[in-house]
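Using the hints, position chain B against chain A.
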Amino acid sequence: GEDVEQSLFLSVREGDSSVINCTYTDSSSTYLYWYKQEPGAGLQLLTYIFSNMDMKQDQRLTVLLNKKDKHLSLRIADTQTGDSAIYFCAEKAAGNKLTFGGGTRVLVKP
Amino acid sequence: DVKVTQSSRYLVKRTGEKVFLECVQDMDHENMFWYRQDPGLGLRLIYFSYDVKMKEKGDIPEGYSVSREKKERFSLILESASTNQTSMYLCASFSNYGYTFGSGTRLTVV
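Listed in order, the protein sequences are those of chains A and B. One rule links them: number in our numbering = place in the first sequence (from 1) + 104. One rule links them: number in our numbering = place in the second sequence (from 1) + 1344.
Everything labelled a hint here was simulated from the structure, so no lab data went into it. Note that the coordinates shown come from a computational prediction; the quantities given were computed from them, not determined experimentally. Please note: incorrect hints may appear among the correct ones.
Below, computed lysine-lysine pairings styled on PhoX-like, alpha-carbon distance capped at 20 angstroms [unchecked claim]: (1) B:Lys1401 to B:Lys1414; (2) A:Lys160 to A:Lys213; (3) A:Lys201 to B:Lys1362; (4) B:Lys1414 to B:Lys1347; (5) B:Lys1401 to A:Lys201; (6) A:Lys201 to B:Lys1357; (7) B:Lys1415 to A:Lys201; (8) A:Lys140 to B:Lys1347.
Stretches of chain B that chain A covers, calculated by requiring three or more beta carbons in the stretch to come under 8 angstroms of a beta carbon on chain A [to be verified]: (9) 1383-1393; (10) 1435-1442.
Chain A residues, not near chain B, derived (Cβ > 12 angstroms throughout) [unchecked claim]: (11) Arg117; (12) Asp130; (13) Ser132; (14) Gly146; (15) Asp158; (16) Gln163; (17) Leu165; (18) Thr166; (19) Leu168; (20) Asp173; (21) Ala181; (22) Thr185; (23) Asn200; (24) Gly205.
Beta carbons are placed, not taken as given, at the ideal position from N, Cα and C, and that holds for glycine.
Looking at chain A on its own, in the form it has when it is part of the complex (with noise of 0.2 angstroms):
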C-alpha cells in the first residue's frame, strides 16, 4: 500500500538552510512533489523530481531522492520569514492520484 510519512515540526533561524524529510513505500512511484501551504492557503507546488533522477536544484531549493531507501528531502537554502508554512510531500504512482505526507510545519526564526 501507499504511506508517505514526514516529520511533524522544524524550526530553523533566518539565514540558515532547512531539511525536510520524507519517507514513501511506493517503489512504483512516477513522480515525487512537494508542496507549500501558507495559512488559510491551498497547496502551491514548489517542486518535483522524476524517479529516474536523484537530485534537482531549482534556485534556493535542492530536492534529493534516494530510491533504494524510499527517502525524500527538499533543502531550502538561506530561510527567510516567509518560508514559515506548512510542507508536504507526495508521490504519484498508478494513474494521476497523489498520496501526500502529512506535512511538516516549519518555523523561521528571526
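Relative to chain A, chain B alone:
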C-alpha cells in the same frame, strides 16, 4: 497559469443540510480531485474524476457524492451534513507534472 477556483472560502451549514462545494478549473484538464484536510491527518482523497460523467471513490467517500457534468466543473456534495464533516476541503486539477489546488473551502457544520 492554471486557475482552480473554489466558490466559497468559508461556509457554515446546519446538521442534515445538503451542501454543494463547487470547483472550476480553466485549463481543460481531465483529472480533478476532492480532498479534505484535517489536523494530524494530512490530506485524504474523497473522490476523483478522470473525465466528464466519470467518478471514482477515493479513500474516504462515505457521506459524500460528486458530480462532473462539464469538464471544467467538479462538485462535491454532502448529502446530509454532519458535524464530523467539519473540515477544510481542497479541490485540485491535474496538469502534466502535478496538481494545481484551489484556495480551499473551510466548512463548519453546526
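- Say whether it holds or is violated: Arg117 (chain A) keeps its Cβ farther than 12 angstroms from all Cβ of chain B. Fine: 26 angstroms to the nearest Cβ keeps Arg117 (chain A) off the interface.
- Item | Non-interface claim for Leu165 (chain A), where every Cβ of chain B lies beyond 12 angstroms | About 14 angstroms separates Leu165 (chain A) from the closest Cβ of chain B, which puts it past 12 angstroms; holds.
- Within 20 angstroms, alpha carbon to alpha carbon, are Lys1414 (chain B) and Lys1347 (chain B)? Within the cut-off at roughly 16 angstroms; holds.
- Query: Would the least Cβ to Cβ distance between Leu168 (chain A) and chain B come out above 12 angstroms?
  - Reply: Fine: 18 angstroms to the nearest Cβ keeps Leu168 (chain A) off the interface.
- Between Lys1401 (chain B) and Lys201 (chain A), is the straight-line Cα distance small enough, at 20 angstroms or below? Holds. Lys1401 (chain B) to Lys201 (chain A) sits at ~11 angstroms (cutoff 20 angstroms).
- Task: Decide, holds or violated, for the assertion that all CB atoms of chain B are farther than 12 angstroms from the CB of Asp130 (chain A).
- Result: holds (14 angstroms)
- Given the hinted pair Lys1401 (chain B) and Lys1414 (chain B), is their alpha-carbon gap at most 20 angstroms? holds (19 angstroms)
- Are at least 3 residues of the stretch 1383-1393 of chain B within less than 8 angstroms of chain A when you compare beta carbons? Our answer is that it holds, as 6 residues pass the Cβ test (under 8 angstroms) against chain A, meeting three.
- Query: Taking the minimum C-beta separation from Thr166 (chain A) to chain B, is that value above 12 angstroms?
  - Reply: holds (18 angstroms)
- Status of the stated non-contact between Asn200 (chain A) and chain B (beta carbon gap over 12 angstroms): Label violated. Min Cβ-Cβ 5 angstroms, cutoff 12 angstroms.
- Item | Interface-negative label, Asp173 (chain A) against chain B, beta-carbon threshold 12 angstroms | holds (21 angstroms)
- Can we trust that Asp158 (chain A) is non-interface, i.e. its beta-carbon lies farther than 12 angstroms from all of chain B? At about 18 angstroms from chain B, Asp158 (chain A) clears the 12 angstroms cut-off, so the statement holds.
The structure fails to meet hints 2, 3, 6, 14, 23 and 24 from the earlier list, while all remaining hints are met.
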